[in-house]
Amino acid sequence: MTKKLAKWSLKDVIMVGITAIIFGVIYLGAVHLGVYLGVLLTPFGLAVLANEFIFGIWFMAAAFAGYVIQRPGAALITEMIAALLEVFMGNFYGPIVFVSGFVQGIGTEAGFMSNGYRRAGWPQLIIGAVAATVTSFIWGIVRSSFSGLQWQLLLSIFVIRLLSALLFSAVLVKIVCDRLAKMGVLNSYPIGTAQQ
Amino acid sequence: MRQLNPTVKFSAILLAGLIVSFQNNLLLNLVLLGLFALITAVYLPILKWLRLWLWLSLAAVGVFFSGYFFLQEKTGGGQWAGWQLSAQTIYGLQLATRIYCFGFLGASFAATTTLTAFIESLQQQLHLPTQFAYGIMAAFHVAPLIPQEYRQTQLSLWSRGLSAPWLSTRLMTPLLVKSVRWSEVLATAMISRGFTAEAPRTHFKKYQVQWFDWLFFSGLIILTIILSIF
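Respectively, the protein sequence lines represent chains F and D.
So that you can map any letter, position 111 of the first sequence is 111 in our numbering, and since no number is skipped, the others follow by simple counting.
So that you can map any letter, position 116 of the second sequence is 116 in our numbering, and since no number is skipped, the others follow by simple counting.
Keep in mind the hints are simulated off the structure, nothing from the lab.
Every residue gets a Cβ at the ideal spot worked out from N, C-alpha and C, and that includes glycine.
Take the hints with a grain of salt, since some may be wrong.
[To be verified] Derived list of chain D stretches under chain F, where covered just means 3 residues or more per stretch with a C-beta under 8 Å from a C-beta of chain F:
#1 87 to 96
#2 157 to 169
#3 177 to 187
[As the list claims (entries may be wrong)] Some but not every residue of chain D turned toward chain F, in silico, with C-beta under 10 Å:
#4 L14
#5 S21
#6 F65
#7 Y68
#8 F69
#9 L71
#10 Q72
#11 G103
#12 L105
#13 G106
#14 L128
#15 G135
#16 A143
#17 A197
Please work from the sequences and hints to get the whole structure.
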C-alpha cells in the first residue's frame, strides 16, 4: 500500500485535495439545505430522504479524479482524502466518515477498474455511480441500522440516491471534465491527451 | 484527550464507532453518548457545544420519526429500564441515539486534534508518504480561497447579466480550472524550495505511542465490548 502511494506525484495529491475541498464546500452548503428539508419532512417520518437528493455530490470528487487521472486507486484515494479533510472542516461525525469515504471510493473505483483503467468514458462513470450507490447503501444500512425499516422506504432511499449519483457523479462530472479538457487545462493528465 | 497520540485516538474512536454500527444496542449508545458528550463539553466552548446538540438533535429527531413510522415489525415491544415502550419507540430511540453517539465520538476527536498533528502522526506511526502528508496540508490551507473564488465567479456572472444556480457548470468550471492551476503552482513552488518525497526527514515534533495511549485505546474498546455483551 505504502509503495503504491509513493508513486503519486505531489501535484496530483494537491490537485485531488483541492478538488475534494471544492466538492466538500459545495456539499456543506447543500447540507444546510438538507437539514431544513429534513425538518420539513420530519412530521411525515421521511427525514431520512432529505440527504438522498444530494448524495451524488459525495461521489463527485472520486469520479472527477478517477476520470482525469485514470490510474489505479485514484478514485479511492481521493474519496479518502476528501473524508479526511471533511473531518477537519467541521463534519462532526468524525472518524466514522472515513469508513464512508472508503466504501464510496471503492464503489466509484469499480467503474474505472471495469476496463482495466485503459480509457474512461460514459460506461465507466455510470458503472462507478451505480456501484458507489450500492456500496454506500449497504454501509448506510449497517451504520444507521436501517434494516428494520419497511422495504418501500428503503427502496425509495436507494432509487433517489441512484438518480442523484447518476446526475452528479456521472453526467455533471463528464460534462465539466470534457469542457476542461477542451480548454487545455488538463493537458498534463491522461484525459487531456486522450481528447486531442 | 489533547495529549493522546492522534493516530491511536483516531483508531480507537473509529473502532468504537464500528462496534456501535454492527449492533442495535440502546444501552451502549447511551453510555457512549453520555461519556463523550461530557468529554466534548470539556474541550468545546459552551456555545459550540450547544450548537452541536442542536444540529445532532435536528438529525436525530428526523431519524426517530422515520424509525417510528416505518418500522417493519410493529408488534411487540418491551420493558426498558422499568418503562413500557412500544417496539416503534425502541427502534426510533435506537436510531436516534446512534446519531448522537457518532456525533459526540467524532466531535471529541475533531475538537482535540489539528490536521497538522494528525498528519504528522500518520507520517510517523503509519508511514504515510511525504507527498501525501504535505500535499494534503497544502490543499487544506487553500480552502479559504474557495468560497471567495466562488463568490467572485458569481459576481462576474451577475455583472454580465447572467445568473447561475448553485451547482451549475458555469460556476463549477472556473473553480475546477483554478484547482488544477493552484495545484500546479503550489507543487512547483514547493519543489522549487527543495521539497522531495524521497529524502529522509527529521521531525520537529515527535509523536510516540505511550502508555496512556494504550490505556485510552484498550479502555474504550473494552468498555464497548463489555456493554455489547451485556
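**Message:** So, as I understand it, the hint says Q72/D touches chain F; can you test that by seeing if any CB pair is closer than 10 Å?
**Reply:** 5 Å, holds
**Asked** Hey, does the F65/D contact hint survive, CB to chain F under 10 Å?
**Response** 4 Å, holds
**Prompt:** Can the hint on A143/D be confirmed by a CB-to-CB distance to chain F that is less than 10 Å?
**Reply:** This hint holds: A143/D lies near chain F, its Cβ roughly 5 Å from the closest one there, short of 10 Å.
**Item:** Interface hint outcome for S21/D [beta carbon to chain F under 10 Å]
**Value:** 5 Å, holds
**Request:** Please verify that hint: F69/D, Cβ, nearest Cβ of chain F, below 10 Å or not.
**Result:** With Cβ-Cβ at 3 Å, under 10 Å, it holds.
**Item:** Verdict on chain F covering the region 177 to 187 of chain D, where coverage means 3 or more residues with a C-beta closer than 8 Å
**Value:** It holds, with 9 qualifying residues against the three required.
**Prompt:** Holds or violated: G103/D as interface residue toward chain F, Cβ cutoff 10 Å?
**Reply:** 5 Å, holds
**Request:** Hold the hint about A197/D up to the distance rule: shortest CB distance to chain F must be less than 10 Å.
**Result:** 7 Å, holds
**Request:** Tell me if L14/D is really an interface residue toward chain F, meaning its C-beta lies closer than 10 Å to one of theirs.
**Result:** Given a least distance of 4 Å, the restraint on L14/D holds.
**Request:** Closer than 10 Å between Cβ atoms is the bar; does G135/D clear it against chain F? Give me holds or violated.
**Result:** Hint on G135/D: holds, closest Cβ of chain F at ~3 Å, below 10 Å.
**Asked** Does the CB of L105/D sit less than 10 Å away from some CB of chain F?
**Response** 6 Å, holds
**Message:** Can you confirm whether chain F covers the region 87 to 96 of chain D, using C-beta to C-beta distances below 8 Å and requiring at least three such residues?
**Reply:** Since three or more residues must qualify, the claim that chain F covers the region 87 to 96 of chain D holds, with 3 doing so at under 8 Å.
Violated hints for the displayed structure: none, as all numbered hints are satisfied.
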